[in-house]
Amino acid sequence: MYRETEIIKEPSGNDPVDSGDMIINIGPQHPATHGVLHLVITLNGETIKKVEPHLGYIHRSIEKMCESLSYRQFIYITSRMDYLSSHINNHGCALCVEKALQLEVPPRAQVVRVLMDELTRIASHTLWWGAMAMDVGALTPFFLAFREREMINDIMEETCGARLTMNYTVPGGVMVDLHHEFQRKVKDFIAHFKSKIDEYDELVTDNVIFKNRTVNVGVISKEDAISYGVTGPSARASGVSCDIRKLYPYAVYDKLQFEEIIETAGDSFARYVVRMKEMRQSLSIVEQLIDNIPEGDFQAKTKAVLKLPKGEFYTRVETARGEFGVYIVSEGGTTPYRIKFRSPGFSNLSALDHIARGSKIGDLVAIMGTLDFVIPDIDR
Amino acid sequence: MGKYSPVGALKNVKMVDFSKISKEMPKILPLKQDHETAVFPGEVYNTPGGGILLSKLDNVINWARSNSLWPLVFGTSCCAIEMMSTASAKYDWSRFGFEVARATPRQADVIIIAGTIVNKMAPVLKRLYDQMGDPKYVIAMGACATSGGPFFYNTYSVVKGADHIIPVDVYIAGCPPRPEALLHAMITLQEKIRKGLTREQIRMPKPE
Amino acid sequence: MNNEQIKIAIADLLPSAIIEESSEWLTIHIEPVDWLPLAEKLRNTAELYFDYLFCLTCVDWKSHLTMVYHLTSTFHRHTLVVKSKLDRDDARIETVTMIWRTAEFHEREVYELFGVNFLHHPDLRLLILPDGWEGKYPLRKDFEDPVNIIKL
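Residue numbers (the numbering used here), protein chains in the order written: chain G, 1 to 380; chain Z, 381 to 588; chain R, 589 to 740.
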């Protein structure tokens, strides 16, 4: 598993600086890989010739485990898969179960779910911003990002009970009703965050060192992005229009006004700009919804033990990283027969080799930072 | 005080019987100290021209070690985010001495296992632990590192508890534990070191 | 294109495909040997133009395995599901890595978890499981592992 540096291409006598190829390992324990990702990189000097990801260091056999969990229980394991957009994952699973049971979700629950979704998206992008800036070399944004994240975590904790892995969604609605301080706190957060986003832009986006590190680095074209199955902000930066909230709307997204951010450059800076603009769009969605939460039930009436009819069901939602798909094959019992989670990071990672070839080893960190991997999402 | 052998090089020093000395010297009472933790261990005697601090070298070394434990950057899954929160400005862990989080195990004192350990990662964890220099301590953070957590039943690839791989000093419950819980565990580890109860310091006599 | 037009187009391309419409998307069942030519035509015909393979998986029905491919077109915005029955003991099907590059990693995952052999795959080896798990296919229904699995 840990190979020493091997020289696989002997240095040729012609070129005095050619030293042959070298294989080095990055990870699995590494501060810049955002998890346990093992990359075996073949280098020639400082230029990357091939990147080979070795996965499986956090493979927790979730798909096999879900075959023995009931339809209410398996939703919470998906919180731990992509833990930065845990609420959105739960929402996707609950939508799949509701589609199978043909259950109608009350409007109050739908609006609350979308509010939590967008707050989770802002939290995820904020942490992405802090971690990416830290990888590229700037240490201050990390602390600033966590300051905002703490505000969202406090709101989540008072509403759902947990800071990170919120188990708030049940098939049929949400678990408990909102508390009476919710609106005020979210409004405070919106007012606070608006000025902070401008501060983020001032600090990092217009920074000449950051631009030198990310402009024209790691370009992926539109056809390659579709062929590799890249979704989410990474694909939207290459011109692919793939926002599930616009194409196949779920919950109340078809009634909201927001834009799908598309850039055409396809490089790391475009991926960065897409995410920064998405944060603003999410903030505007929260603003539109926070004053218009309808009254009513927060949970539809369901049986205690859910049994899905025989058949197969697929639902997709837009997480902070891309398209998350839940594919349930059911045989009519109380536990699913086969569950497949189509995770966005898996396909995004398969494009890493294609993107990183030819760039320098220092650019690899900027590329991985903007592709925004969460490794448990990839390994499941 | 319990049977524990002195650290390393002090094995052959003859222990002085302190009670004999104090009968001959004039009665000077030690100064009152407020709390046990984090003050410099020992008794201060005020003598004309300055003071004398009397302490056991053991206690002084333990005090120094406990107040500057540098953690290793090791987060596999969701608990890593709470660990990063603890490192950030709201629940700062560098107030307690965990100032620099080192990326290399050779310069780290404590490894905080934040996240699930799976069969493929287990040799990596063992190798990291072996590469850390003595004295080293281990905190198992979260339900997954304690016992396998939510992945205990019906999984073929999860190690049911990090203590199957390396010996653990402090366990933290939670999924994920709050940053305050992690700070509490770190303070518990510090107290454990000061009292001399970690695995490092309890050396069982070799069987004959 | 709506479902009727796709049905006619598929019937032209591959008369032996069985079409069913019970789930939310149009599903066709084909033989494994027909998969690669059909896939090329699905990708390259201008009216169909299925250029985005978004889910590739396998289901273990205890008597046979079924490969499931979910395809969609980013241009026309229609979706198709292709299923193919494989023999349990000798599961083999052609790879589609040359057509949709995303299939490379997905097929490696199906290979190691279910044991399906993808012919002419550029790099078929273990992806997620550790070394030494080559012969064992964990997601099959008859997988027993008394050492690791604790049953509830």
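Careful, some of the hints might be misleading.
Keeping only pairs whose Cα atoms sit at most 25 Å apart, straight-line, the calculated DSS-like set for lysine-lysine is [to be verified]: (1) Z:572 <-> Z:506; (2) G:185 <-> Z:470; (3) Z:540 <-> R:671; (4) Z:540 <-> R:739; (5) R:673 <-> R:595; (6) G:49 <-> R:673; (7) G:222 <-> G:49; (8) Z:470 <-> G:187; (9) R:724 <-> Z:540; (10) G:277 <-> G:185; (11) R:650 <-> R:595; (12) G:307 <-> R:729; (13) Z:436 <-> Z:572; (14) R:629 <-> G:99; (15) G:196 <-> G:99; (16) R:595 <-> G:307; (17) R:729 <-> R:739; (18) G:310 <-> R:629; (19) G:277 <-> G:246; (20) G:196 <-> G:303; (21) G:211 <-> G:307; (22) G:194 <-> Z:572; (23) G:310 <-> R:729; (24) Z:470 <-> G:196; (25) G:187 <-> G:49; (26) R:724 <-> R:673; (27) R:724 <-> G:310; (28) G:307 <-> R:650; (29) R:650 <-> R:629; (30) G:99 <-> G:303; (31) R:724 <-> G:222.
Covered, in the sense of this in silico footprint (three residues per stretch, anywhere, with C-beta under 8 Å from a C-beta of chain R), are these stretches of chain G [to be verified]: (32) 63-69; (33) 238-247.
Among chain Z residues calculated to face chain R with C-beta under 8 Å, some are [said to hold, decoys possible]: (34) 468; (35) 474; (36) 476; (37) 533; (38) 536; (39) 537.
No wet-lab data here; the hints were simulated from the structure. Since the model is a prediction, treat every value here as computed from it, not as a measurement. The C-beta atom is built at its ideal place from N, Cα and C for all residues, glycine as well.
> Between residue 650 (chain R) and residue 595 (chain R), is the straight-line Cα distance small enough, at 25 Å or below?
Replying inline: Judged against 25 Å, a Cα distance of about 30 Å means the pair is violated.
>> Tell me if the interface restraint on residue 537 (chain Z) is satisfied: Cβ within less than 8 Å of some Cβ in chain R.
In response: holds, 7 Å
> Within a Cα-Cα threshold of 25 Å, do residue 211 (chain G) and residue 307 (chain G) meet the stated pairing?
Replying inline: Violated - the C-alpha atoms of residue 307 (chain G) and residue 211 (chain G) are around 53 Å apart, more than 25 Å.
> Are residue 185 (chain G) and residue 470 (chain Z) close enough, with their CA atoms no more than 25 Å apart?
Replying inline: Within the cut-off at roughly 18 Å; holds.
>> Just to be careful, I want the Cα atoms of residue 307 (chain G) and residue 729 (chain R) compared with a cutoff of 25 Å; is the pair within it?
In response: holds, 21 Å
> Taking the closest Cβ pair, is residue 468 (chain Z) under 8 Å from chain R?
Replying inline: violated, 32 Å
> Holds or violated: are the alpha carbons of residue 650 (chain R) and residue 629 (chain R) at most 25 Å from each other?
Replying inline: Cα-Cα ~32 Å, so violated.
>> Check the hint pairing residue 49 (chain G) with residue 673 (chain R) against an upper bound of 25 Å on the C-alpha distance.
In response: At roughly 39 Å apart (the allowed maximum being 25 Å), residue 673 (chain R) and residue 49 (chain G) break the hint.
> When you check the alpha-carbon spacing of residue 673 (chain R) and residue 595 (chain R), does it fall within 25 Å?
Replying inline: holds, 20 Å
> Keeping to a limit of 25 Å between CA atoms, is the pair of residue 595 (chain R) and residue 307 (chain G) held or broken?
Replying inline: violated, 32 Å
>> Would the hint linking residue 540 (chain Z) and residue 739 (chain R) be met if the CA-CA limit is 25 Å?
In response: Cα-Cα ~13 Å, so holds.
> Hey, residue 99 (chain G) versus residue 303 (chain G), does the alpha-carbon distance stay inside 25 Å?
Replying inline: holds, 15 Å
Checked against the numbered hints above, the structure violates hints 3, 6, 11, 14, 15, 16, 18, 20, 21, 22, 25, 27, 29, 31, 34, 35 and 36; every other hint is satisfied.
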